[in-house]
Amino acid sequence: MDLTHVIAQRPSKKIYVDGDKVIKLFDNNFAKSDILNEALNQARVEDTGINAPHIHEVTKIDGQWAIVMDYIPGKTLAQLMEENPGKINEYLEQFVALQRYMHAFRAPNLNKLKDKMSRKIDETTLDSTIKYELHTRLEGMPVKRKLCHGDFNPSNIIVRPDGVMFIIDWSHATQGNAGADVARTYLLFVLEGKQELAESYLRLFCKKSGMSRKYINSWLPIVAASQSVKGKKEEIEILHKWANVVEFN
Amino acid sequence: MSKKYVVNSEESLKQLLSEVREAQAKFATYTQEQVDEIFFRAAMAANQARIPLAKMAVEETGMGVVEDKVIKNHYASEYIYNAYRNVRTCGVIEHDPAFGITKIAEPVGVLAAVVPTTNPTSTAIFKSLLALKTRNGIIFSPHPRAKKCTIEAARIVYEAAVKAGAPEGIIAWVDEPTVALSAQLMKEADLILATGGPGMVKAAYSSGKPAVGVGAGNTPAIVDESADIVLAASSILHSKTFDNGMICASEQSVIVLKGVYDAFKKEMKARGAYFLSDKEADMVRKTIIINGALNAKIVGQSACAIAKLSGFDAPEGTKVLVGEVDSVDLSEEFAHEKLSPVLAMYKAKDFDDALKKASKLIDDGGLGHTSSLYINSITQKEKMEKWEGAMRTCRMLVNTPSSQGGIGDIYNFALTPSLTLGCGSWGGNSVSENVGVKHLINIKTVAERRENMLWFRAPQKVYFKKGCLPVALRELSTVYNKKKAFIVTDTFLYQNGYTKPITDKLDEMGITHTTFFNVAPDPTLACAKEGTAAMRAFAPDTIIAIGGGSAMDAGKIMWVMYEHPEVDFLDLAMRFMDIRKRVYTFPKMGEKATFIAIPTSAGTGSEVTPFAVITDEKSGVKYPLADYELMPNIAIVDADMMMNAPKGLTAASGIDAVTHALEAYASMMATDFTDGIALRSLKMIFEYLPRAYDNGPNDPIAREKMGHAATMAGMAFANAFLGVCHSMAHKLGAFHHLPHGVANALMIDEVLRFNAAEIPPKMGTFPQYDHPHTLARYAEVADYLGIKGKNDSEKLDNLIAAIDELKAKVGIKPTIKDYGVDEQHFLDTLDAMVEQAFDDQCTGANPRYPLMSEIKQMYLNAYYGK
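Here the protein sequences line up with chains D and L, keeping their order. Sequential numbering of the first sequence, starting at 1, is according to our numbering. Sequential numbering of the second sequence, starting at 250, is according to our numbering.
Only chain L is shown next, with the shape it has when bound in the complex (with noise of 0.2 angstroms):
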């Protein structure tokens, strides 16, 4: 022994923590197999004095039964030895280089250990072995009534722990308890390992450490009619006599609903218990509870010696005196947790009458510890599950023993051996499971930085070339077997004939077919709705949208609410910070029909994207709906059905695809699948579409390219995502009616400044952006499209310049106020276009985080003209 001195002061004990701290530091360097061995040493040690121990505990404490004390030192060294042998306590105990993530176990330091004078020596080699296997010191506060007791306990597994070579002074205790030294003691550990009283357990709990800390245990036994009766009756007396009732699971009554209730006595009186007359239950309870709180005197005794107590005699070889009462109410006696061999039992009149009881002992006495049940529990789910939902206990016993049930491992191997029983909240606890190792231990996690992994998502077929359209349709009946398409479109182009050679193809096939042509520019919901009614009344199995962005979202939209009326619009138009980890989760589409989407315009991209914008016309707010589930399972794009655009419409979308390329580019999610594409894209558009613009009908070849570079645009947006250009454009378009391409190319040129900034307040949120390097992304597009510059400042100069003149090439105008909105409504409106952009799901992916005001900033500037 290294302890020279008595602990029984606040000068001793001080000395006598400190000590335990320069012998914990060590301990902390231990390896994984040092304290492994350390472990199996003080196991085996207490293990053998597991007899000596419990004949002490008894003498001492004047309480239990020796043999049954042998079978607690005996669980408490070999059960837990067991349990903890191949567990991982020290250092790295978890490592997954994938997700570069390790958890290391540090000890917390010095435990403050409260041992009740129920269990003195068990529940010693308990605490000392899960400190020495998670390497903490430990010091023990021992109940006076079982101080010599436990202090040989924790004598037993220390000396042995030292023997295989842990530190000098690593366990510890208190020679002279008292309530003070206790108090001291428990401010001065690092973590409370208390087991006693309620006042114990509050008294730990306001040291201001934390605390793993048990309270009262009240539990009752429920028979219910399908019980084995025999297996109920034995398993309850045989909990209920284990030390004479002093394990804190222990059965404190029984409730017998009436169908079995004479069956289960009558098996109760055979197999040892005693039924008190009324005269004998009153006496009992005068004896066994003095103003609500237990006598000292019975606690632990023999039924024999209670029923002496009490002033009569019981038959010899008793082994539970059981008083049949009627009152759950903390003025019944039998009520109360007794410690101690007394049973109280009621007779239930059906099973809620059970709960009802069951729930009201443990609410009174029990909250959090245990509850019981004898059923038959393969008939019987509905009533478990009715049990299981109202106890308010945080062990729950099936056909079990609760004494040595609760503890775990005995009746039921996956419950963790323990003999400090957690009971959660409801009994003041920080732990509701049984107390082991994990609870004795600081987990620190090391998490390296890992990047996401990143898609490239398409339409399962995307076909193109001029002239393909009939081409791609022929698949529809070769290969998909369709018979029925349905077609969404404008009235424009239903009009002038742009359907026909879908229609002509449809018939051709045999597959019959039917045109909603109603889609207006901006869709609604409404539209969308009524769309979806002639949809539903048709049931096709072929969606076909035709047109610009308008009638392909309208289609999509369509498609949903087609093959899902169930869901609700508000919940699919949620927004996402990603769209992997979105809380909604998007209906899977395509069990009723095939989308295809057929472009007329060279801009949008929606064929390929899983993008739709809808605008409630009610509110006039617009809904971007975004998920996979909405990507088109066929896109075809054929520059045939765009060779007529008018000069507007080819202007606004192709600019439109120029921001769409910018964006993808310049996004935080944007790879080196998505930048090819992109970069690919704008090079064609900056070539052909002032051709396409100039010549209309006349340049098949710059319509296709424009057809092309569009669609791979999207392409690349749909997998990269776009930014704060977007953001502001859906705003400044739907608050001041311009249309979507126009609003986009007003607000690019802010954006590109805005992104290019070195030093920005803010940076986007996404660890493959490692830190704010836009500007030479805009540096590598000019570099792509032939346009110089002595530095990359230069370079971006001069791409805005070169996108200015791409602009006026095709008539789109410098700045908002060019399009004729009023300046004052402008202003009017523009803190609730700020917060709006600000929120749109595009702000998402920018590279440059915006600030409210940065965004004004940027309206201000599109507006005026900087």
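In isolation and in its complexed conformation, chain D is listed as follows (with noise of 0.2 angstroms):
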């Protein structure tokens, strides 16, 4: 395995290129079980058969924990929109219907939304009165299957020369509700600063869905706690702030 041409650096984790294949190698401070976990979300991701690479190896490369994939050749639509601002109206269109494409798929073995942003809340460093409110808030969500990214962004996203998209980096893919797949969605957008693109994409993905801003919004509290955990501290305060709201009779 040819580890000379690094591709994206994480922190924990580096990413390389060999040929058609991309290694993400991870570091010793990394849990087995995550990286396991990731190839296997992934794997399970790739069965659907929707476009994501696909997994060829997991191994250990001089005493580290690496996952091997397809290398998929092309830009990001992260750095499209950012070299082409004209033309920024058709490439969120495009990303919205690909966020609605990965939704109509169903991954019946992954790990469940909702389980997941209950531990994620416990997990948080806010005052119990508030985690009761998101859990009561969480309990009272409808149960749905579908099939979500959990970090859906334009930087997961990458478009081969042909124009056909990819979603990569399924790490936190979960089965559950759209709702909540876009509420993150929007909040990594605020999270960047890039507010009216944030309104833009809601505006834009209500549209096409029929889905209620109000039900996505509802979803936000609960997001938003969940993104605190591992959260950066500038972005804690407005992550809390996000948080702590109620819905009284």
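In short, the hints are calculated from the structure, not lab data. Since the structure is predicted, the reported quantities are computational estimates derived from the model, not experimental observations. Where is the CB? At the ideal position from N, CA and C, for every residue including glycine. Be aware that one or more of the hints could be misleading.
Reference excerpt, derived from the structure (chain D facing chain L, CB under 8 angstroms, subset only) [claimed, not checked]: (1) Ser128; (2) Thr129; (3) Tyr132; (4) Thr136; (5) Arg137; (6) Gly140; (7) Lys214; (8) Asn217; (9) Leu220; (10) Lys241.
Dock chain to chain to rebuild the complex, using the hints, since each chain is given by itself in its own frame.
Shown next, in the form of structure tokens:
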């Protein structure tokens, strides 16, 4: 395996390209169970038939865990948006269409979104009454089984030179409520400081899907709380503010 | 305290549940007196603790106003006690021996109570007291933000209850509430009293247990141009500031008609409302609502505190922050439920615009909850009705502060006092009213068997005796002062002078008259319509129907159409199971004309029955009409009118009367009154029918006896009704053109055997008919007629033989086939006849409920002869 071409570097993991393969190399402080879970998640997504890189190996390279998968040549949608600001509306249309297309898939073996959110609420540093409110809110949400990416944003979409789009990085994938998936995407745009894009995105998604803004809004406190678990310090304040809301009678 | 452990886990909650269950099982045996004493003591204790509990609640939750929470606690103990002090909730709560109905109240078991942070102590008091009054156990799952004060309130009620004799452990709580524990509690309990946010209510409903829950409110108050502005402004401020706006029924927006907008605004300002500038309104928007949800930090805070949080100062003493806004859409923060003294104010261009705005606010945030209107309720009834129709809320408050008004018994004394306000299906609730004790008990209804009231009805006057006609008719002038008579008859009778004695008498009395003589056998609707037209033109005050069944029935139909031209004939003909419960109410008869029936044959009985049969000539369908409104006012039975009846008619009518008497006797609705008449009638027919048949005009006694017997049989079946013989005869006659009496004669043997079965597949449904006993009834008939037999079966056989003999004497042939009905045609029409006979009005009174296959078999037997 040739580990000379680094294409991305994240805290605690590096990503290399070797020919038509990508190697995701994890630091030693990464839990084995998380790595295997990510691989398993991705394999389950692969089973659905959606356009995503296929896994070829889960292996150890020089004592470090690695996942070897398809390399998808092309640019990310985030790059394209950056490079062609005039086509932003067109990209946004494609982005929303892809997300809706994804939500139509079912992956019955994936973890359940509500279970994951419940766990995340417990892991936050919010006080117990806010957690109680959030749990109550989560409990009242309908049970859905849609394929959710959990980190659906333009940098996780690669557009091949032939125009075909692939969704990558399925480590947060679950099956559950599209509303939560959309709320997460909206939140990511806001956290990036792209308030206007966030609004256009949400408007477009609601228009295309018929989903109500009210429903997506109702997920925001939960999604914000879950985001705060591993959130950046500067983001914690706004995330906590979003989470501290009530539904009274 | 019996509880010596902390409830904070699945296991400890399980333990607690079993203890409360045990306590509740004991409590379920308490008497009303014991319960009322406990209810009283518990209410007193809660009442006494109203101030410390209010203080605790404000301190712990950091929300609301101590003095207002005192009112809520006071209300929860005093008003709830007062409302239910004398209400029976244990054991027999209602008993009606005449109807045989007893209602018994039983507890539902263990209640799961979810309590919100907005009213943590008053709701706990309220639910505990309701539970005690209804002998239920209750377990509270408090909100973590208000657990101490909620538990304290429950404890105070609990300890007082136990001191007054309640079982230990009857009220309990989760010490360290989590969503998981509250979900477990809701799954295990027997009923959920959920007061909380939509999430909690949804969780309650998804637990699989019945839940009484409430939803979010978003009360819009409309201020009409006719409103008392001073009252409206102060009421709204009074309500909106109550406990810093935390009552869910509280006004969230005011929609003011443009004509009074400025005046209302001025009054609001003068009474302490602060109207926000555009900039301040924006600051408040950002503060109160985050992504469409209510910021937890502003709930139950004062107006000044919220202004400060938003980044500006409101003048000291400000009661409410008012944002003047246009949009009722959810994108407008002010359009949301705010649970704080923040109010949206809209200007409406007219009342319809106000309704539109209010509806939208309700649909988006407060479906099923509460709406409010300020209006002159005396002069503006029409607007009020419009509003009542337009709002989809379960409480509609008029000229009333909605916080204090919605919970009931403060501004209206018939609205149930409650701190749990049902929002109906609109709010996803099972209850649409204020929740009270009745929602927490199971009511067992003990229904004892009762028998139906029966009756005996006959024309007001039945005159009879050979030669009585002119005497009876005299009354038209002397008693009734009639002026115009309309005679209905058939062509034969008219041409043969049957109407002459009548018209002579009428002439003599100076009563003008006209005669419609176009009635044919099996009279048609067309004929009835023709007669009605003539009747309308003549406008009689008396109708005299003279003839056989056809003329009398046609006369009855004309009478209805004459008196009630507006009725739809098909409505009149609608079948019923029980004449007292029929869907269609028959129109009142006799307002235009008195109906007199004079039979010219001995059989039909129509002169004393509430029935008429008419044929729709287009479809061929026979419609039997039945209602006591169709009963003639006067029947005149004069054998002089029957003397020359031809043999065939004498035989067919006579046998028809036999079947009337037999079916009325076997009917489930037969009574002592009808039995006597039926038996006597039968005996007379057996004796005199052969004589009348053989001797005709030469035997006036036989003619008179037959005339009386037929009318008597008519009176019997006018009250006891008929049976499946007539059902089958109606269709046989219609399909194969057999005279009605002959058709009955052909079916009656089969029906006697059929009804006499001691183990029928199905018996008829009527409380008086308690077991199949028709064989014994037929044996009684045999006894009365002097027909012998060593047991009931033999008597029945001999009765049938006697009937056959009678039929033979008067020339009735034994089988349908004998009447020349083509076999193939008969078989082709059989299934249609069967189904129609089954559905005939007469089937209902038959003592044996016939299956269609059984009707078919009877037809076949009657066709071929058994």
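Outcome of the hint check:
no. : hint   : result
1   : Ser128 : 5 angstroms, holds
2   : Thr129 : 4 angstroms, holds
3   : Tyr132 : 5 angstroms, holds
4   : Thr136 : 4 angstroms, holds
5   : Arg137 : 4 angstroms, holds
6   : Gly140 : 3 angstroms, holds
7   : Lys214 : 6 angstroms, holds
8   : Asn217 : 4 angstroms, holds
9   : Leu220 : 4 angstroms, holds
10  : Lys241 : 6 angstroms, holds
Hint violations for this structure: none, all hints satisfied.
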